[in-house]
Structures are given as C-alpha cells and as structure tokens.
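Q: In the order they appear, the protein sequences are chains A, B, C and D.
For the first sequence, the positions run 1 to 285 when the numbering used here is used.
For the second sequence, the positions run 1 to 285 when the numbering used here is used.
For the third sequence, the positions run 1 to 285 when the numbering used here is used.
For the fourth sequence, the positions run 1 to 285 when the numbering used here is used.
I should point out that these hints are in silico values taken from the structure, not numbers from a laboratory.
Note that this is a predicted model, so its numbers are computed, not measured.
It is possible that part of the hints are untrue.
If chains are identical, the list can't say which one is meant, so a pair holds when it fits in one copy or spans any two.
Claimed, not checked - Listed below are the simulated DSSO-like cross-link pairs for lysine-lysine, each with C-alpha atoms no more than 27 Å apart in a straight line: (1) K42 <-> K147; (2) K42 <-> K280; (3) K21 <-> K138; (4) K253 <-> K21; (5) K42 <-> K253; (6) K42 <-> K240; (7) K253 <-> K79; (8) K16 <-> K158; (9) K138 <-> K74; (10) K16 <-> K253; (11) K42 <-> K149; (12) K79 <-> K147; (13) K45 <-> K273; (14) K188 <-> K273; (15) K273 <-> K16; (16) K45 <-> K21; (17) K21 <-> K149; (18) K21 <-> K150; (19) K150 <-> K42; (20) K147 <-> K240; (21) K188 <-> K21; (22) K188 <-> K240.
Number of protein chains: 4
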Amino acid sequence: MSDVNAILLLSCADSKGLVAKISDFIFRHDGNIVHADQHTSKTDKLFFMRIEWELNGFALNREEISIAFAPLAKQFNMKWDLHFTDYVPRIAIFVSRHLHCLHDLILRRHMGELGADVAAVISNHDDARDLVEQFGLKFFHFPVTEKNKKQQEADSLKLLRDMNIDLVVLARYMQILSGHFLEYYPNKIINIHHSFLPAFAGGNPYQQAYDRGVKIIGATGHYVTEQLDEGPIIAQDVIKISHRDAIADIQTKSKDLERVVLARALRLHLENKILVYGSKTIVFD
Amino acid sequence: MSDVNAILLLSCADSKGLVAKISDFIFRHDGNIVHADQHTSKTDKLFFMRIEWELNGFALNREEISIAFAPLAKQFNMKWDLHFTDYVPRIAIFVSRHLHCLHDLILRRHMGELGADVAAVISNHDDARDLVEQFGLKFFHFPVTEKNKKQQEADSLKLLRDMNIDLVVLARYMQILSGHFLEYYPNKIINIHHSFLPAFAGGNPYQQAYDRGVKIIGATGHYVTEQLDEGPIIAQDVIKISHRDAIADIQTKSKDLERVVLARALRLHLENKILVYGSKTIVFD
Amino acid sequence: MSDVNAILLLSCADSKGLVAKISDFIFRHDGNIVHADQHTSKTDKLFFMRIEWELNGFALNREEISIAFAPLAKQFNMKWDLHFTDYVPRIAIFVSRHLHCLHDLILRRHMGELGADVAAVISNHDDARDLVEQFGLKFFHFPVTEKNKKQQEADSLKLLRDMNIDLVVLARYMQILSGHFLEYYPNKIINIHHSFLPAFAGGNPYQQAYDRGVKIIGATGHYVTEQLDEGPIIAQDVIKISHRDAIADIQTKSKDLERVVLARALRLHLENKILVYGSKTIVFD
Amino acid sequence: MSDVNAILLLSCADSKGLVAKISDFIFRHDGNIVHADQHTSKTDKLFFMRIEWELNGFALNREEISIAFAPLAKQFNMKWDLHFTDYVPRIAIFVSRHLHCLHDLILRRHMGELGADVAAVISNHDDARDLVEQFGLKFFHFPVTEKNKKQQEADSLKLLRDMNIDLVVLARYMQILSGHFLEYYPNKIINIHHSFLPAFAGGNPYQQAYDRGVKIIGATGHYVTEQLDEGPIIAQDVIKISHRDAIADIQTKSKDLERVVLARALRLHLENKILVYGSKTIVFD
Numbered sequence: 001m002s003d004v005n006a007i008l009l010l011s012c013a014d015s016k017g018l019v020a021k022i023s024d025f026i027f028r029h030d031g032n033i034v035h036a037d038q039h040t041s042k043t044d045k046l047f048f049m050r051i052e053w054e055l056n057g058f059a060l061n062r063e064e065i066s067i068a069f070a071p072l073a074k075q076f077n078m079k080w081d082l083h084f085t086d087y088v089p090r091i092a093i094f095v096s097r098h099l100h101c102l103h104d105l106i107l108r109r110h111m112g113e114l115g116a117d118v119a120a121v122i123s124n125h126d127d128a129r130d131l132v133e134q135f136g137l138k139f140f141h142f143p144v145t146e147k148n149k150k151q152q153e154a155d156s157l158k159l160l161r162d163m164n165i166d167l168v169v170l171a172r173y174m175q176i177l178s179g180h181f182l183e184y185y186p187n188k189i190i191n192i193h194h195s196f197l198p199a200f201a202g203g204n205p206y207q208q209a210y211d212r213g214v215k216i217i218g219a220t221g222h223y224v225t226e227q228l229d230e231g232p233i234i235a236q237d238v239i240k241i242s243h244r245d246a247i248a249d250i251q252t253k254s255k256d257l258e259r260v261v262l263a264r265a266l267r268l269h270l271e272n273k274i275l276v277y278g279s280k281t282i283v284f285d
Numbered sequence: 001m002s003d004v005n006a007i008l009l010l011s012c013a014d015s016k017g018l019v020a021k022i023s024d025f026i027f028r029h030d031g032n033i034v035h036a037d038q039h040t041s042k043t044d045k046l047f048f049m050r051i052e053w054e055l056n057g058f059a060l061n062r063e064e065i066s067i068a069f070a071p072l073a074k075q076f077n078m079k080w081d082l083h084f085t086d087y088v089p090r091i092a093i094f095v096s097r098h099l100h101c102l103h104d105l106i107l108r109r110h111m112g113e114l115g116a117d118v119a120a121v122i123s124n125h126d127d128a129r130d131l132v133e134q135f136g137l138k139f140f141h142f143p144v145t146e147k148n149k150k151q152q153e154a155d156s157l158k159l160l161r162d163m164n165i166d167l168v169v170l171a172r173y174m175q176i177l178s179g180h181f182l183e184y185y186p187n188k189i190i191n192i193h194h195s196f197l198p199a200f201a202g203g204n205p206y207q208q209a210y211d212r213g214v215k216i217i218g219a220t221g222h223y224v225t226e227q228l229d230e231g232p233i234i235a236q237d238v239i240k241i242s243h244r245d246a247i248a249d250i251q252t253k254s255k256d257l258e259r260v261v262l263a264r265a266l267r268l269h270l271e272n273k274i275l276v277y278g279s280k281t282i283v284f285d
Numbered sequence: 001m002s003d004v005n006a007i008l009l010l011s012c013a014d015s016k017g018l019v020a021k022i023s024d025f026i027f028r029h030d031g032n033i034v035h036a037d038q039h040t041s042k043t044d045k046l047f048f049m050r051i052e053w054e055l056n057g058f059a060l061n062r063e064e065i066s067i068a069f070a071p072l073a074k075q076f077n078m079k080w081d082l083h084f085t086d087y088v089p090r091i092a093i094f095v096s097r098h099l100h101c102l103h104d105l106i107l108r109r110h111m112g113e114l115g116a117d118v119a120a121v122i123s124n125h126d127d128a129r130d131l132v133e134q135f136g137l138k139f140f141h142f143p144v145t146e147k148n149k150k151q152q153e154a155d156s157l158k159l160l161r162d163m164n165i166d167l168v169v170l171a172r173y174m175q176i177l178s179g180h181f182l183e184y185y186p187n188k189i190i191n192i193h194h195s196f197l198p199a200f201a202g203g204n205p206y207q208q209a210y211d212r213g214v215k216i217i218g219a220t221g222h223y224v225t226e227q228l229d230e231g232p233i234i235a236q237d238v239i240k241i242s243h244r245d246a247i248a249d250i251q252t253k254s255k256d257l258e259r260v261v262l263a264r265a266l267r268l269h270l271e272n273k274i275l276v277y278g279s280k281t282i283v284f285d
Numbered sequence: 001m002s003d004v005n006a007i008l009l010l011s012c013a014d015s016k017g018l019v020a021k022i023s024d025f026i027f028r029h030d031g032n033i034v035h036a037d038q039h040t041s042k043t044d045k046l047f048f049m050r051i052e053w054e055l056n057g058f059a060l061n062r063e064e065i066s067i068a069f070a071p072l073a074k075q076f077n078m079k080w081d082l083h084f085t086d087y088v089p090r091i092a093i094f095v096s097r098h099l100h101c102l103h104d105l106i107l108r109r110h111m112g113e114l115g116a117d118v119a120a121v122i123s124n125h126d127d128a129r130d131l132v133e134q135f136g137l138k139f140f141h142f143p144v145t146e147k148n149k150k151q152q153e154a155d156s157l158k159l160l161r162d163m164n165i166d167l168v169v170l171a172r173y174m175q176i177l178s179g180h181f182l183e184y185y186p187n188k189i190i191n192i193h194h195s196f197l198p199a200f201a202g203g204n205p206y207q208q209a210y211d212r213g214v215k216i217i218g219a220t221g222h223y224v225t226e227q228l229d230e231g232p233i234i235a236q237d238v239i240k241i242s243h244r245d246a247i248a249d250i251q252t253k254s255k256d257l258e259r260v261v262l263a264r265a266l267r268l269h270l271e272n273k274i275l276v277y278g279s280k281t282i283v284f285d
C-alpha cells in the first residue's frame with residue numbers, strides 16, 4: 001500500500017468551515033495531504049474540492065474511509081467520489097475511419113503512459129483491426145447501418161457492461177450515441193471534436209474552418225451529452241493556419257492537435273482531476 | 001525618394017507566365033524587388049500577388065508606373081492597387097465606452113509605431129474626450145439615439161469624407177453601421193471582436209464564453225461587412241482561461257488580447273499585406 | 001469593511017495537519033474561505049499555502065488576526081505574510097529610453113486596472129517626463145554617469161523610502177542595481193527581460209535572438225536578485241517569428257509581449273499570489 | 001507524370017532581375033508556377049528562392065531541366081537544388097532509450113502521412129526492436145561503448161551509404177556524432193532537442209528547466225552540426241508549466257511537444273521548404 005493515495009472529489013452548497021472540516025477528517029485519522037485544491041463559484045455559491053492524501057499511515061483502510069466520511073458528506077449534502085491511485089480504469093475506444101487518435105492512445109499505452117487498460121476497441125469499420133490486434137488488444141467490428149443501428153448500440157452497450165468498462169473514449173467515432181446509451185455512462189464518455197467548440201460544431205469542421213477563413217483552428221476534448229458537441233469541455237488547444245493551408249493541410253495540422261488534446265482530456269479524467277458542474281467542468285490541474 | 005518602395009497588390013485568374021511577366025515589368029524598368037509573395041488558390045484557380053520594389057533607381061516615376069502597368073493588368077483582367085511606403089494613411093477611430101483599444105492605439109501613435117495619422121476619434125459617448133485631446137488629437141462626440149441614428153451616421157460619414165479618411169477602425173464601437181455607410185469604405189473598416197469568431201458572435205461574448213465553459217478565449221480583427229461579425233478575418237489570437245476566471249477575469253485577459261490583435265490587424269492593413277478574396281483574406285505576412 | 005478579504009501567504013516544512021489547522025483557525029473565528037490553494041514540494045518536503053477569506057463576519061479585526069495566528073505560525077516555524085485586499089500598494093517605476101512598458105502601465109492605471117498607485121516614475125533620461133506629468137504623476141530625472149552612479153542610487157533609494165514605496169518595477173531600466181539597493185526590497189523588485197530566460201540573458205536579446213535564428217521569441221517577468229537575469233521567474237510568454245523578421249520586426253513583436261508579460265507579473269504580485277522559494281516561484285494562479 | 005511538380009531551391013547574391021529571369025525560365029518552357037516564395041536578407045544582400053511548378057505540360061523532361069537551368073545558375077553564381085515531388089526520400093532513424101518520437105514517426109508512416117520511407121532504425125540499445133520489426137521495418141542494434149564507438153560509427157555510416165539514405169533523423173539519440181560522420185550528411189541530419197534552444201542546451205534539459213523554475217518549456221528541431229545543439233533551427237514550440245509540475249510531469253508534457261516538433265521539422269525538410277544560411281534557416285512555409 002506504500003505509495004497509494006486516496007482522492008476525494010466533492011461538491012456541495014458553500015458553507016463556512018467546509019475546508020476545515022474536510023481537512024480535519026483526514027488529519028484526525030493521521031492522513032498526510034499531498035494536494036488540496038478548492039473552488040467556490042461566486043454566482044451560485046457552490047463549493048468544489050479535490051483533496052489527495054497518502055494511504056500510507058492513514059488510520060482507516062479503504063472500506064472504512066467511505067463509512068467514516070459519510071456522515072460529514074450527509075451533513076453538507078455533498079456529491080462525492082472516492083478514488084485510489086492504484087486503480088487502473090478499463091477503457092473502451094470507439095473509432096471509425098480516422099485512426100490517428102486511436103494510434104496515439106495505443107502507443108501511449110505501449111509506452112506505459114496511458115494510466116488505463118485498453119480493454120476493447122470498437123469500430124463500425126474493420127480498418128483498425130490489424131493494428132489493434134498486433135498490439136495484443138481486443139477489436140470488435142460492429143458495422144452500423146440505418147437498420148441495425150439500434151441493435152448494434154445495444155450490443156456494444158452489453159459488451160461494455162460485460163467487460164466492466166469504466167470510461168468510453170470516442171476517438172473520432174462518427175456515429176451518434178443515443179440518450180439511452182449515455183445514461184449508462186454519465187460524464188464517463190469523452191469525445192474529441194476537431195474544432196474549437198462552440199465554433200464549427202457538427203459535421204466537417206475542417207471544411208467549415210476553411211470556408212470561414214479563420215486564422216486559427218482548434219480541437220476540443222469534452223464529455224458527451226445528448227446535445228451533440230455541447231457537453232462539458234475538458235481541454236482545448238489551437239494552432240495557427242494561413243491562406244496557404246488547403247483542406248488537406250488543415251487536416252494534417254489538426255490531427256496533431258486532436259491527438260494531444262484527447263490525450264490531455266483523458267489524462268485529466270484518469271487522474272480524477274475533473275468535477276462536472278452543469279454544462280461546465282472544474283479542472284483541478 | 002531614397003528609401004521609398006512601391007507595392008503592387010493584385011489578383012486575377014491564374015495563368016501561365018504571370019510571375020514572369022509581372023517581375024519582368026519591374027526588371028525592365030530597372031527595379032530591384034525586395035519582397036515578392038504569391039499565392040494560387042487551388043480550388044478556383046485564382047492568382048494573388050504582392051510585390052515590393054525600390055523606387056530608388058527605378059526608371060519610372062510614381063505617376064508613370066500605373067500608366068505603364070495598365071496594359072499588363074488589362075491583358076490578365078487584374079484587380080490591382082499600387083501603394084508607396086512613404087504614404088501615411090489617415091485613420092478615424094470609432095469607440096464607445098470600452099477604451100482599452102483606443103488607449104493602445106493612441107500610445108502606439110505617441111511612440112511613433114502606428115504607421116498612420118489618427119485624424120479623428122469619434123464616439124457616441126463623451127468619456128474619451130479628455131484623453132484624446134490631451135494627446136493633441138481631435139475628438140468628436142456623436143451621441144446616438146434610436147431617433148437620430150440615421151442622421152448621426154450621415155454626419156459622421158460626411159466628417160470622414162471631409163477629412164479624407166483612408167481607414168476606419170472600430171475599436172470596440174457598439175453601434176452597427178449601415179450598408180450605406182459600408183459602401184463608402186469597402187474593406188476599409190476594421191473591427192475588433194472580443195471572441196474567437198465564429199464562436200460567440202453578437203453581443204456579450206465574455207458572458208457567452210463564461211456560460212459555455214470554454215478553456216480558451218480569443219479575439220478577432222476583421223473587415224466589416226453587412227453580415228455582422230462575418231467579415232473577412234485578418235488576425236486572431238487566443239489565451240487560456242480556467243474555471244477560476246470569473247467574468248471580470250475573462251474581461252481583463254481578453255482586453256490584453258484585443259489590443260494586440262487589433263494592432264496586428266491594423267499593421268497588416270497599413271503595410272498593404274492583405275488581399276480580400278470573397279469572405280476570406282490572403283495575408284502576405 | 002464589507003467586501004474586503006484577508007489573504008495569508010505562508011510556507012514551512014511539511015507536516016500532517018497543516019491544512020486542517022490553518023483552515024480551522026479561520027473557521028473557529030467565523031471566517032468564510034473564498035480561495036484556498038496549497039502546494040507541497042515533493043523533493044524537499046516544503047508546504048506552501050495561500051488562503052483568502054472574507055473579513056465580513058470574521059470575529060477578529062485586522063490587528064487581532066496577526067496576534068491570534070502567531071502561535072500557530074510559531075509552532076510550525078512558518079514564514080508568513082498577511083494582506084488585505086483593500087490595501088493599494090505604492091509602486092515606483094524605473095525606466096530608461098524604451099517607454100512602451102511605462103506607457104502601458106500608465107494607461108492601465110488610467111483605466112483603473114492597475115491595482116496600485118504609481119507614486120513615482122524615475123528615469124536616467126528625461127524623455128518620459130512630458131507623458132508622465134501629463135497624467136498627473138511624479139517624474140524624477142536621475143541621470144546616471146560612471147562617476148555619480150553610487151550617489152544616484154543612494155538618492156533614488158532615499159526617495160523610495162521617503163515615499164513609502166512597496167514595490168519597484170523595472171520597466172526596461174538599463175542600469176544595474178547594487179546588492180545594497182536590492183537588500184531593501186527583497187522580492188519586491190520586478191523586472192521585465194526581453195527574452196525567454198535563461199536564453200539570451202544580458203544585453204541586446206533581440207540581436208541575440210536574430211543571430212541565433214530562433215523561431216520563437218519570449219519575454220520574462222521576474223524578481224530581481226544580485227545575479228542579473230537569474231532571479232525567480234514569475235511569468236513568461238512567447239511569440240513566433242520567422243526568417244522574414246528583421247531586428248526591427250522582432251522588436252515590434254517583442255514590445256507587445258513585454259507589455260503583457262510585465263503587466264501579468266505585476267498583477268500576480270499585487271494580488272498576493274506569489275511565494276518565492278529559493279530561485280523559483282510558486283504562483284497560485 | 002500528371003501530378004508531379006518540380007521544386008527549385010536556390011540562393012545567391014542579390015541582383016536586379018533574379019525573380020524575372022528565374023520565373024521567365026519556367027514560363028519560356030511552358031511551366032505553370034504553383035508556388036513561388038522569395039526572401040532577401042537585408043544585412044548581407046543575399047537572395048533566396050523556392051519555386052514550384054507543374055511538370056505536366058512543361059517542355060523539358062526531368063534530366064533536361066538541370067541542363068537548361070545551369071547557365072542561368074552559373075551567371076548568378078547560385079547554389080541550387082532541384083527536387084521532384086514524387087521522389088520518396090529514404091530516412092534512417094537513430095534512437096536510444098526514449099522511444100516516443102520513434103513511435104510517432106512509425107505511426108505517421110503507418111498512416112501514410114510521413115512522406116518518406118523508413119529504411120532503417122538504428123539504436124545503441126535493443127529496446128525498440130520488437131515494435132520496429134512488428135511494423136515490418138529493419139532494426140539494427142549497434143551497442144556503443146567507449147572502446148567501440150569509432151568502429152560503430154564507421155559501421156553505421158557504411159550501412160547508411162549502402163542503403164542510400166537521404167536523411168538521418170535523431171529521434172532522441174544520446175550519442176554524439178563525429179565531424180567525420182556529419183560531413184557525409186551536411187544539413188541532412190535532423191535532431192530533436194528537448195528544450196527551447198539556446199536555453200538548456202546539453203544534458204538533461206528537463207532537470208535544468210525544473211531547477212531554473214521556468215514557466216514555459218520547449219522543444220527544438222534542428223540540423224546537426226559539430227557544435228552540439230547549435231545547428232540551424234528548423235522548428236520550435238513551447239508549452240506552459242507551473243510549480244505543480246514535477247520532473248515527471250515536465251517530461252510527459254515535453255514528450256508530446258517533441259513528437260510534434262520533430263514531425264514538423266521533418267515535414268518541412270521533406271517538402272523541400274528549407275534553405276540553410278549560415279547557422280540559420282529560411283523556412284518557406
């Protein structure tokens with residue numbers, strides 16, 4: 001247990017003494033805080049906190065922490081989650097034909113930098129199979145047609161649940177997921193959109209950017225909600241373009257951006273640094 | 001005439017020999033080219049060029065250049081403009097209540113870095129008068145109401161024309177100019193919009209950015225056309241924000257950005273580096 | 001007292017219970033924490049904290065806070081400072097011939113955005129006098145020669161102390177301050193260096209950047225220490241350049257950067273968001 | 001031959017008529033220019049040009065172009081190279097233990113985006129073998145010791161020459177190449193350095209950046225010369241860091257940067273957009 005930390009992510013209505021009481025809870029049980037970050041939204045008086053402490057020397061074991069913390073949580077009507085840094089989440093990657101983000105994630109895993117197990121790669125096309133299997137990962141081909149769409153979604157949902165998937169990553173997946181599907185993974189589906197949202201939401205943002213003549217393009221990593229491209233934004237970044245950039249150049253530049261932004265959004269999620277708040281995120285980076 | 005250069009900005013349908021014929025025109029008259037930049041749009045086969053050469057030693061005087069170039073221009077059905085680097089354009093700055101961009105432009109002029117004469121500052125409020133006059137510049141207060149709007153615009157248009165204004169700068173001017181007004185200054189009115197267009201067009205982009213929870217905000221310098229916030233973009237830049245930034249912080253960060261982006265867009269125009277092409281710009285930077 | 005906050009900036013050896021005890025101190029006296037940020041340096045086990053709470057409703061008045069907090073501070077051997085958000089620091093700006101940063105600070109003050117009083121502008125040249133006085137500020141001309149350098153520094157130091165200056169800003173000041181001078185203002189002198197430190201320390205960084213052929217230039221806001229250009233860095237930013245940029249273009253681009261970076265470093269200091277730690281800074285942004 | 005272009009990269013002392021004569025050469029033989037970019041260095045009056053035209057319809061075949069252009073080149077004492085866009089250069093990648101850049105290049109090739117053949121991967125360690133061979137590429141393990149260093153370099157040089165390698169990429173290769181080796185590949189060896197050069201040249205730039213407390217880190221792609229880390233810079237980029245970033249975080253952020261910057265430098269070289277000029281580059285991007 002030596003190097004493992006516990007992380008508490010919580011939110012509630014703001015109130016005097018919250019920091020004191022939460023940090024005292026950890027201190028009383030002999031915990032050593034290594035990170036504490038807090039935010040209070042001024043307009044609606046909500047309190048958000050991420051606090052991380054060493055399990056080593058802590059008086060409570062993993063099961064006892066939740067039980068001991070529950071009364072305080074109840075008193076302030078907190079929403080809260082408890083995480084441990086040695087847990088390796090299981091992710092499923094959905095992809096269609098553009099494979100650069102998938103490739104990037106596979107290589108990060110191969111280099112031991114992903115912080116997650118890639119339990120499954122699911123695609124409506126078969127293009128990625130060879131590469132995925134070459135790295136010893138499981139590939140599932142679920143071709144989607146107008147007719148079988150509902151059934152395919154049900155099948156992939158079943159697969160995810162059978163495989164105990166913690167997080168779904170849409171690494172340029174061109175199918176829209178139904179509200180029913182999303183309900184099973186609230187704030188647990190991360191999408192990369194290849195524009196600087198809310199600019200160029202929807203289809204073909206490269207073409208939209210080219211047509212509008214913008215001088216900068218972007219990429220956005222966000223949680224998926226029913227309103228397409230309107231989910232809470234986790235990470236964004238941009239790169240300059242000029243009149244010399246044809247659509248193909250925009251695509252080349254954007255792909256580098258998409259890979260980095262998706263990886264960053266994913267890392268923030270996997271390190272339990274994000275609290276979702278309405279349609280926005282608090283990122284304790 | 002020693003250090004003065006001539007600049008030719010031109011566009012036409014692409015055709016073999018354009019670069020050769022244009023550069024030969026300059027060579028034949030003993031000109032020394034100091035910059036030449038060219039762009040061909042692949043999709044619609046248009047040719048754009050900016051070519052700059054020294055007047056010193058050139059066989060033609062200023063008046064003769066246009067006459068001598070006209071036949072070539074006609075042959076290829078070119079749109080073209082001829083500029084000289086010693087001409088100091090006369091600009092008018094329109095402003096409302098947010099004065100940071102105005103201040104910035106006044107100081108750049110004071111430091112001798114603007115490359116233009118600030119012939120007039122025009123505002124629908126009187127707030128800026130003291131500062132403007134303190135720097136020896138002319139200030140005009142044209143209060144705008146629902147009722148007098150049309151007349152005020154006519155008055156300010158007359159003023160601009162009487163003063164031989166070359167370029168209008170909307171440095172956070174909150175009134176919309178009519179199509180009639182715009183016709184007098186085609187691609188000669190530069191606006192700074194305080195968002196990363198096309199995201200957050202229209203009113204209150206700071207609030208829109210805050211509400212959407214974006215992680216990056218931007219500013220856009222563009223030519224004004226009848227479709228508000230849809231004119232050809234000249235320059236854009238961005239800055240990161242986080243959940244810690246309240247509206248006031250977003251405003252503070254954005255103001256620094258707006259000043260720099262407007263100044264950059266203005267400089268590109270004043271150095272004759274921009275060709276407008278449909279709703280887009282070619283910027284030979 | 002309604003909207004005033006207290007800010008505690010502190011550092012000490014890391015120890016269990018620090019967050020709990022500090023936040024409990026505020027809670028016990030009925031304080032409402034609005035910001036709390038903490039950092040523990042892993043390598044040398046030091047603890048840093050910035051905590052901000054509302055004076056409104058707090059059980060202690062300003063004088064009592066220090067007295068009440070002292071025992072806790074002593075117990076953990078803390079270095080600590082207490083600030084109040086309604087205190088307006090008095091700054092002195094030193095400048096030589098390049099006036100863009102001075103201009104920028106004067107305008108920010110004029111717009112009510114500086115968060116400080118500009119009590120004095122001091123220069124070894126007389127160039128800035130008119131502009132400074134035009135804005136109702138005090139200008140002091142202290143010409144510096146090889147011979148009078150020591151005396152001039154003594155005179156300006158006396159002036160600063162007579163005027164109760166809290167913070168010195170070197171806004172492109174080309175004279176080197178002695179160790180004796182620096183002792184009076186430890187971590188209270190902010191310099192803007194026109195390069196991306198540690199690259200191009202020393203004289204003429206524009207020329208150095210040009211000669212080296214870098215593709216990006218930068219600016220650095222830092223505290224001044226005896227080792228020139230080696231003081232703790234507060235803020236840095238960069239901008240792209242290309243082979244097309246002559247020295248003059250590099251200077252033009254850099255000046256925009258310097259203004260923004262100096263203003264940002266200054267703001268962070270004035271908002272009491274910086275803890276200096278060896279030759280580095282903790283910036284609770 | 002339908003879609004192939006010819007590219008001429010040239011430099012010489014500046015002289016009147018250069019653009020005219022070069023573009024006329026192409027026009028006379030019925031060539032259609034698709035890109036032309038030119039630069040004149042003001043200080044030492046040198047002329048640089050990149051001109052690209054369609055072979056389709058051009059009156060000269062590939063062999064004839066050089067012969068026909070030689071007299072003009074001789075007249076102006078030009079240094080020049082002629083390239084064709086359908087030539088696929090053969091590259092060799094050198095790598096040591098940090099494999100992120102190698103992985104990135106292999107995946108770009110796998111996605112058909114590299115614009116080059118990866119003819120060989122050479123390493124002083126055996127770590128990368130499996131991955132390299134898994135993608136069907138040739139891996140050569142040349143372990144280097146104090147004693148065999150000279151022989152190993154001779155062996156790898158022989159290998160490169162036997163394999164007709166056009167370009168060497170040092171993708172985090174930790175061995176220093178001798179001047180003898182470099183002579184065989186002048187401006188044909190690209191290195192990625194994991195800092196914002198000239199800051200933090202030499203060993204362990206992550207640690208250097210951490211110790212100095214910079215707020216931004218960078219990466220630099222450059223040609224290799226005998227003076228380590230002083231070769232002509234092709235591309236640079238940066239990313240923000242804070243006091244929260246430990247060495248491991250700096251490394252994680254930097255690796256993303258290194259991959260993108262190396263890929264960008266490589267692409268510029270492979271697209272024949274770079275002219276080296278003393279210790280600097282002209283990048284016609």
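Q: For every hint, state whether the structure bears it out.
A: Here is how each hint holds up against the structure:
no. : hint          : result
1   : K42 <-> K147  : neither (49 Å within a copy, 40 Å between copies)
2   : K42 <-> K280  : within (15 Å within a copy, 31 Å between copies)
3   : K21 <-> K138  : neither (46 Å within a copy, 50 Å between copies)
4   : K253 <-> K21  : neither (48 Å within a copy, 35 Å between copies)
5   : K42 <-> K253  : between (38 Å within a copy, 19 Å between copies)
6   : K42 <-> K240  : between (34 Å within a copy, 20 Å between copies)
7   : K253 <-> K79  : neither (40 Å within a copy, 32 Å between copies)
8   : K16 <-> K158  : neither (45 Å within a copy, 46 Å between copies)
9   : K138 <-> K74  : neither (42 Å within a copy, 59 Å between copies)
10  : K16 <-> K253  : neither (48 Å within a copy, 31 Å between copies)
11  : K42 <-> K149  : neither (44 Å within a copy, 39 Å between copies)
12  : K79 <-> K147  : neither (40 Å within a copy, 54 Å between copies)
13  : K45 <-> K273  : both (21 Å within a copy, 23 Å between copies)
14  : K188 <-> K273 : within (13 Å within a copy, 34 Å between copies)
15  : K273 <-> K16  : both (24 Å within a copy, 23 Å between copies)
16  : K45 <-> K21   : both (18 Å within a copy, 24 Å between copies)
17  : K21 <-> K149  : neither (50 Å within a copy, 57 Å between copies)
18  : K21 <-> K150  : neither (48 Å within a copy, 56 Å between copies)
19  : K150 <-> K42  : neither (43 Å within a copy, 42 Å between copies)
20  : K147 <-> K240 : neither (42 Å within a copy, 44 Å between copies)
21  : K188 <-> K21  : neither (29 Å within a copy, 36 Å between copies)
22  : K188 <-> K240 : between (31 Å within a copy, 24 Å between copies)
The structure is inconsistent with the numbered hints 1, 3, 4, 7, 8, 9, 10, 11, 12, 17, 18, 19, 20 and 21, although it conforms to all the rest.
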